[in-house]
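Participant: Sequence:
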Amino acid sequence: MVAFPQAKTSPIVHQALLEDRAWEDGTTLALVAETKLARGRIVAKEDGYLAGCAFAEQAFRSLDPEVVLHWRCQDGARLNSGQVILDCQGKARALLSAERTALNFLQQLSGVATMTAQAVEAAGSVAVLDTRKTVPGLRDAQKLGVRAGGGVNHRRDLADQWLLKENHFALSGRSFGETVELALEKADGVAVGVEVVDFEQARTAIVAGADFVLLDNFKDAELAEVVSRLRELYPDAVLEVSGGYGLHNLAGLRQVGLDRVSVGALTHSAPALDLSFLLETVEAGEDQTAHSGMNQAP
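Each step along the sequence shown adds one to the number in our numbering, with nothing skipped, and position 38 is 23.
Think of the hints as simulated: they come from the structure by calculation, not from any bench.
Using N, Cα and C, we set each Cβ at its ideal position, and we do this for glycine too.
Fair warning: there could be bad hints in the mix.
Simulated pairs of lysine to aspartate or glutamate, EDC-like, Cα-Cα distance not exceeding 16 Å [as the list claims (entries may be wrong)]: (1) K21 to E51; (2) K171 to D196; (3) K150 to D125; (4) K(-7) to D125; (5) K118 to D142; (6) K21 to E265; (7) K204 to D183; (8) K171 to D145; (9) K204 to E217; (10) K150 to E166; (11) K150 to E210; (12) K30 to D259; (13) K21 to E268; (14) K150 to D221; (15) K150 to E225; (16) K150 to E163.
FRET-style restraints, in silico, Cβ to Cβ [stated by the list, open to error]: (17) A172 to G228: 23 to 31 Å; (18) Q59 to P121: 24 to 32 Å; (19) S261 to L218: 30 to 38 Å.
Just need the whole structure built from these sequences, with the hints factored in.
Facilitator: Structure follows, in structure tokens:
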């Protein structure tokens, strides 16, 4: 499983359960006996890659700490349509009330992982990175999905790394070169990247000592020419490209000579993976674990 600390998982899942008012599930409370047990399974309804197991598990355990969960596969696993992902058994009320929250996390993050895996395959040796274009509140979760799909996490936040962009240059009151030099002087060991729009800006940033340059919104022919010139002069420079890249055009970067590409679509446009959750009653006399009522909201 792709590592994700429970300390980060719990508050995200708890907020999602509160949003769904899972402890006030009127339909379930009215129709399902408090003592009833159920078993269920989550099944993939299409091919893809799995991510979000820790979040789904936390959703179920928040309502039933004694729920029995058997994961058939873990984050990063390749899924085939019809494949069983999870077998579970526990309080029927808890399984019903946590169902949508658990599936929301699994489907959304598995969608991210699936698109990332497709992007990684398309890009070949060019590393595929995510961006900060994430769903508010779900950045760490979505970045887990990217890792599960074989992608690489870019900077997590504004403090993790510095990235000088168009608006920084517009507001700094200094020339391009002076702005880069000032940022490098003040960064105090933090990695600094510089977004550039032409060869001269890229050259200036590299000579100044930028950790990487981000070639933004270049046309294909111009990109190939600029990268070729930069590679000849600065073979060790870290060259990244961004701007409109997705599954439709990543393959075109394979022979350009880039180190990496950042793809915002991984987290803002990945379609959810289709999964289903099927439940049935555990009949009297079957193997059961003692359960009382559904957990109360903390």
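Participant: What are the numbers of the hints that this structure violates, sorted from low to high?
Facilitator: The structure conflicts with hints 3, 9, 11, 14, 19, although it agrees with all the remaining ones.
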